[in-house]
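Numbering (our numbering), first residue to last: 54 to 117.
Honestly, I wouldn't trust all of these hints.
No farther apart than 25 angstroms at their CA atoms in a straight line, the calculated lysine-lysine pairs in the DSS-like style are these [stated by the list, open to error]:
| no. | residue 1 | residue 2 |
| --- | --- | --- |
| 1 | Lys58 | Lys92 |
| 2 | Lys92 | Lys57 |
| 3 | Lys102 | Lys74 |
| 4 | Lys59 | Lys97 |
| 5 | Lys97 | Lys58 |
| 6 | Lys59 | Lys102 |
| 7 | Lys102 | Lys92 |
| 8 | Lys92 | Lys74 |
Calculated from the structure, these hints are not laboratory results.
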Amino acid sequence: MAEKKKFLLRIDETIFAALEKWASDELRSANAQIEFILKDALRKSGRLKENTASDNQTNTDENK
């Protein structure tokens, strides 16, 4: 699996609370939810190829 970049994110408390609720509804951590949202937006804008290394790992895990 590819190494993940670490960075600090400053975010409005209200937005973060909504994000945590959304993540919980989908059984994800807030961090995983942010990554999911960003990947989706990047794909839709044509800025990310369809399959990334972490997508392949996720797909493999889901097929078990």
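Verification of the hints:
| no. | hint | verdict |
| --- | --- | --- |
| 1 | Lys58 to Lys92 | 14 angstroms, holds |
| 2 | Lys92 to Lys57 | 14 angstroms, holds |
| 3 | Lys102 to Lys74 | 29 angstroms, violated |
| 4 | Lys59 to Lys97 | 24 angstroms, holds |
| 5 | Lys97 to Lys58 | 22 angstroms, holds |
| 6 | Lys59 to Lys102 | 22 angstroms, holds |
| 7 | Lys102 to Lys92 | 10 angstroms, holds |
| 8 | Lys92 to Lys74 | 19 angstroms, holds |
Consistency note: the structure conflicts with earlier hint 3 alone.
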